[in-house]
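Visitor: Just need the whole structure built from these sequences, with the hints factored in.
Sequence lines, in order, name chains A and B.
So for the first sequence, the numbering used here puts the first residue at 367; every next one is plus one.
So for the second sequence, the numbering used here puts the first residue at 54; every next one is plus one.
Take every hint as true, because none was put in to throw you off.
Here are the simulated lysine-lysine pairs, DSSO-like style, with alpha carbons at most 30 Å apart:
1. B/K166 <-> B/K113
2. B/K109 <-> B/K166
3. B/K109 <-> B/K130
4. B/K102 <-> B/K130
5. B/K105 <-> A/K423
6. A/K423 <-> B/K121
7. A/K423 <-> B/K102
Computed footprint of chain B on chain A, listed as stretches where at least three residues anywhere in the stretch have a Cβ under 8 Å from a Cβ of chain B:
8. 408-421
9. 468-475
Since the hints were derived computationally from the structure, they do not count as laboratory data.
Note that the Cβ used here is the ideal one computed from N, Cα and C, for glycine as well.
These are the residues of each chain, in order.
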Amino acid sequence: KAGVTQTPRYLIKTRGQQVTLSCSPISGHRSVSWYQQTPGQGLQFLFEYFSETQRNKGNFPGRFSGRQFSNSRSEMNVSTLELGDSALYLCASSLGTGDNQPQHFGDGTRLSIL
Amino acid sequence: GNSVTQMEGPVTLSEEAFLTINCTYTATGYPSLFWYVQYPGEGLQLLLKATKADDKGSNKGFETTYRKETTSFHLEKGSVQVSDSAVYFCALTALTSNTGKLIFGQGTTLQVKP
Chain A
367 KAGVTQTPRY LIKTRGQQVT LSCSPISGHR SVSWYQQTPG QGLQFLFEYF SETQRNKGNF
427 PGRFSGRQFS NSRSEMNVST LELGDSALYL CASSLGTGDN QPQHFGDGTR LSIL
Chain B
54 GNSVTQMEGP VTLSEEAFLT INCTYTATGY PSLFWYVQYP GEGLQLLLKA TKADDKGSNK
114 GFETTYRKET TSFHLEKGSV QVSDSAVYFC ALTALTSNTG KLIFGQGTTL QVKP
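Guide: Printed below as a string of structure tokens:
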């Protein structure tokens, strides 16, 4: 069974640009969550989608947005990039949204802002 | 709000040594608890899960026990190997209805020397 697939693996952008990251969940999983990982702040929750609806959102500015498609694939978009947005962005999928549903992570997209 | 406090690293051990990584939590009710491991250049892999008090999780020689009375779920392994070198994260679910959002500890780096 294929795992969570994130594309691209690496991305380099400059300040002010925008970026779109993609995540394909494990087949049959309907919930997708996004996390930002940085050395200073650790792992922080961005948002969670289930059945194309955003169920939960973390404490990030409106420049960070996402969506989920009918096949459960998800994208996140960051506009007007800042240096502080450099991070590893991780996507995780789970069967549903229950609190005992383990989340399975992809290998992440490493975003570097110059 | 819910939070997780994890033992600071790095932890350096010799091969076959005993490992304990401490993790305590603050939460209302009974959250589900998880241990994840991150190898260099990869995403997070689910290592252990415990969903109720006194649950014991075991996988690849790693063990944890969900101890409600001390609000802890420490990670243990009787004999570590060089291949166990990685960053370990404890996490809990936020206990908000209809969400699987994870709250992570800051991570503990383990280095095992031959």
